[in-house]
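Number of protein chains: 2
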Amino acid sequence: MTGPRYTRLVQSLPATVPFVGPETQERERGRPFAARLGANENGFGPSPRAIAAMAAAAGEVWKYGDSVSYDLRVALAARHGCTPEHIVVGEGIDGLLGYLVRLLIEPGDAVVTSDGAYPTFNYHVAGFGGVLHKVPYLNDHEDPDALLAMAEKTGAKLIYLANPDNPMGTAHPRAVIASMIERLPEGALLVLDEAYVELAPDGIEAEIAPDDPRVIRMRTFSKAHGMAGARVGYAIGARPLIQSFDKIRNHFGMCRISQAGALAAIEDRTWQAYMRLLVDGARKRIAEIARENGLTPIPSATNFVAVDCGRDGAFARAVLRELTAADVFVRMPFVAPQDRCIRISCGPDAELDLLAAALPGALARAAKG
Amino acid sequence: MTGPRYTRLVQSLPATVPFVGPETQERERGRPFAARLGANENGFGPSPRAIAAMAAAAGEVWKYGDSVSYDLRVALAARHGCTPEHIVVGEGIDGLLGYLVRLLIEPGDAVVTSDGAYPTFNYHVAGFGGVLHKVPYLNDHEDPDALLAMAEKTGAKLIYLANPDNPMGTAHPRAVIASMIERLPEGALLVLDEAYVELAPDGIEAEIAPDDPRVIRMRTFSKAHGMAGARVGYAIGARPLIQSFDKIRNHFGMCRISQAGALAAIEDRTWQAYMRLLVDGARKRIAEIARENGLTPIPSATNFVAVDCGRDGAFARAVLRELTAADVFVRMPFVAPQDRCIRISCGPDAELDLLAAALPGALARAAKG
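If you read the sequences in order, they're chains A and B. Residues in the first sequence are numbered consecutively from 72, following our numbering. Residues in the second sequence are numbered consecutively from 72, following our numbering.
Please note that a few of the clues may not be correct.
Treat identical chains as interchangeable: a pair holds within one or across any two.
Stated by the list, open to error - Straight-line distance between alpha carbons at most 25 Å, and here's what the computed SDA-like set of lysine to any residue pairs gives: (1) Lys224 with Arg102; (2) Lys205 with Gln314; (3) Lys205 with Arg76; (4) Lys205 with Thr73; (5) Lys205 with Tyr77; (6) Lys224 with Arg76; (7) Lys439 with Ala246; (8) Lys355 with Arg245; (9) Lys355 with Gly258; (10) Lys224 with Asp283; (11) Lys355 with Arg310; (12) Lys355 with Asp283; (13) Lys439 with Asp398; (14) Lys355 with Glu276; (15) Lys224 with Asp214; (16) Lys355 with Pro284; (17) Lys205 with His322; (18) Lys224 with Ala280.
Calculated from the structure, these hints are not laboratory results.
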């Protein structure tokens, strides 16, 4: 009896997992976290109208979801000034990134990203045999010029840029993105990950003609809309590219309850405005807590704050370990020199109170080694 | 400005969609269906406990789902007499079939299935460049001997068999499956799609050692559990094969609400027993309606009944068209000679009443041509 015959590519892949989830950590620790501030979830939660819509949809879940997410795409198109044919809805940005990489990348193809940017994108590129070329961050920002130069040099099919960035929370003004698009090498597609852009200050969100074939934008209900567990992302791009997803996507892959929740969330503009206030307040509070402890918050355009712990990665990792031991779930950048920071997600005051209480001791114990 | 550079494989793929959803048909028709009996959904709906669990989880959807679906896998392992390491949870059987094909199939690899069996499996095989070899049904059953012979001849890496079968609803006794596994060619993996098996008579559900490396079983919450829109499927197989999914799957792809609903559903054995009665009653009612109209119901081990319309595919398609025009959503097999049938999903009496009312006229109009 032999086992299955895997592809050569799969045989070469490591059994890596981009992220260890907080539930896995809780099982390993043997107790739950008291504050959940590590995964850039949004502890303020979804719109009450979205919650009500999801609860109401539970009884209708015997029906498959609409395979083309029509009503949601119509609402999103109205919001973005495009047509539904410019939008594909998928199982979170993670799912859409997987589809996009599958559409473009075959073994050996070059892809450019920043060293320390979103690991799940890298996971998908490796999973389809692409070759990643990474450029360093510049002053805690992703570096458009370096990305472009590397794309030119390697003939990259894809360039990944998140604006605002994760894990640093920094952002480029829209003019920088516009200039980057103008300077893209022929045949290079910019993946503009805008997971956090609804929470950014004015002047960050790019203005891109929907039919521009040089860029695809990724959006999500996981961050500003507080629906990470619903798995609803969408991509905006030129119609031929968007249509190509239909060749490979899991057509009936969307949860019907999530579709109903996303539709209600996108229509609740009051909650969206309130969320910007809530997140801005939490960003300021996290920055305050950092400064009270002699640390430096990096200005954030997202629902998290990277806090510079002032020393090297080993020290920040020790701080993270101590916070975890104090039941506060946070994460940190993987790559130097960004790994001098810990990354703290916005959340309600009660959770930030726990952070404030735990941080001084964590820093003291980390400093002692 | 050029567009993206797709892979050679993607360029060769047609823009096919395995199924057109009922919502799409409703938009094209300009009015809703009155009876939704076409997609093998389960109109009796999920366990009330599952509904309550999903409604309660809606407020917690700001959290990502557990990336390893731990609690659900523990409950499923207890049910199936295996360990959680023998189980992977994914975005419906459709999602898991896509992952499985990606693990094993590279361009040119042979795959064997029955002509007219599940189109979404074929879609995934084509999507990864596999070469499909199809064998005919035998007396409205999938034909294990023919599948094995074709696998031997082509060196197939994968053999697909659904037991019970869709779209015919027929089933093989477990001894036939056991014998088939014993006779598998070296290096061929049997994909045993058991989407409907909880609704089958005794003696159908296969007994397979969890660590048997020759077979992977596919299960779902979409049919017996009435949760098609939640997108929860799982695969049971040998640990190395199950672990290999971690190399490529969308780790945070599961909806948190769906996870909560599935856990409640698997624990509600009262509802499961009730569902078997409800579905059996609906099967009998559909068979009765068929016979009253001079048609022949094919004995079903599933939550649908294939009804032999007694003539050719063109006639059955005309019946289908007339039923659709009468606001009754049904589907039919795609391939001759099975396409002499229409396929009617089980549902509550109110929906079957509409079918009973519409069928005589539909048959009469179809007969007139």
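Each hint, compared with the structure:
Taking identical chains as interchangeable, the C-alpha atoms of Lys224 and Arg102 are never at most 25 Å apart, the minima being 49 Å within one chain and 55 Å between chains. In this homomeric assembly, Lys205 and Gln314 never come within 25 Å of each other (Cα to Cα): the closest approach is 29 Å inside a single copy and 29 Å across copies. Taking identical chains as interchangeable, the C-alpha atoms of Lys205 and Arg76 lie at most 25 Å apart only when they sit on different chains, with a minimum of 20 Å there against 32 Å within one chain. For the homomeric pair Lys205 and Thr73, the shortest alpha-carbon distance between copies (24 Å) is at most 25 Å, but the shortest distance inside one copy (39 Å) is not.
Only between protomers do Lys205 and Tyr77 lie at most 25 Å apart by alpha-carbon distance; the minimum there is 22 Å, versus 29 Å within a single protomer. Only between protomers do Lys224 and Arg76 lie at most 25 Å apart by alpha-carbon distance; the minimum there is 17 Å, versus 37 Å within a single protomer. Within a single copy, Lys439 and Ala246 get their C-alpha atoms no closer than 46 Å, and across copies no closer than 66 Å, so neither meets the 25 Å cut-off. In this homomeric assembly, Lys355 and Arg245 come within 25 Å of each other (Cα to Cα) only inside a single copy, at 23 Å, whereas the closest approach across copies is 64 Å.
Neither within a single protomer nor between protomers do Lys355 and Gly258 lie at most 25 Å apart by alpha-carbon distance, with minima of 42 Å and 59 Å respectively. Taking identical chains as interchangeable, the C-alpha atoms of Lys224 and Asp283 lie at most 25 Å apart only when both belong to the same chain, with a minimum of 23 Å there against 49 Å between chains. Taking the shortest alpha-carbon separations for Lys355 and Arg310, neither the intra-copy value of 40 Å nor the inter-copy value of 48 Å comes in at or below 25 Å. For the homomeric pair Lys355 and Asp283, neither the shortest alpha-carbon distance inside one copy (37 Å) nor that between copies (56 Å) is at most 25 Å.
Taking the closest pair of Cα atoms, Lys439 and Asp398 come within 25 Å of each other only inside a single copy of the chain (20 Å); across copies the shortest separation is 74 Å, beyond that limit. Proximity of Lys355 and Glu276 under a CA criterion of 25 Å is satisfied intra-copy only: 21 Å inside one chain copy versus 59 Å between copies. For the identical chains of this complex, Lys224 and Asp214 are intra-copy neighbours only, at 16 Å inside a copy versus 55 Å across copies, given an alpha-carbon limit of 25 Å. When the C-alpha separation of Lys355 and Pro284 is checked against a cutoff of 25 Å, the pair qualifies neither within a copy, at 38 Å, nor between copies, at 55 Å.
For a Cα distance limit of 25 Å, the shortest separation of Lys205 from His322 across copies, 23 Å, qualifies, whereas the shortest one inside one copy, 33 Å, does not. Proximity of Lys224 and Ala280 under a CA criterion of 25 Å is satisfied in neither setting, with 27 Å inside one chain copy and 53 Å between copies.
Violation of the numbered hints given earlier is confined to hints 1, 2, 7, 9, 11, 12, 16, 18; the remaining hints are satisfied by the structure.
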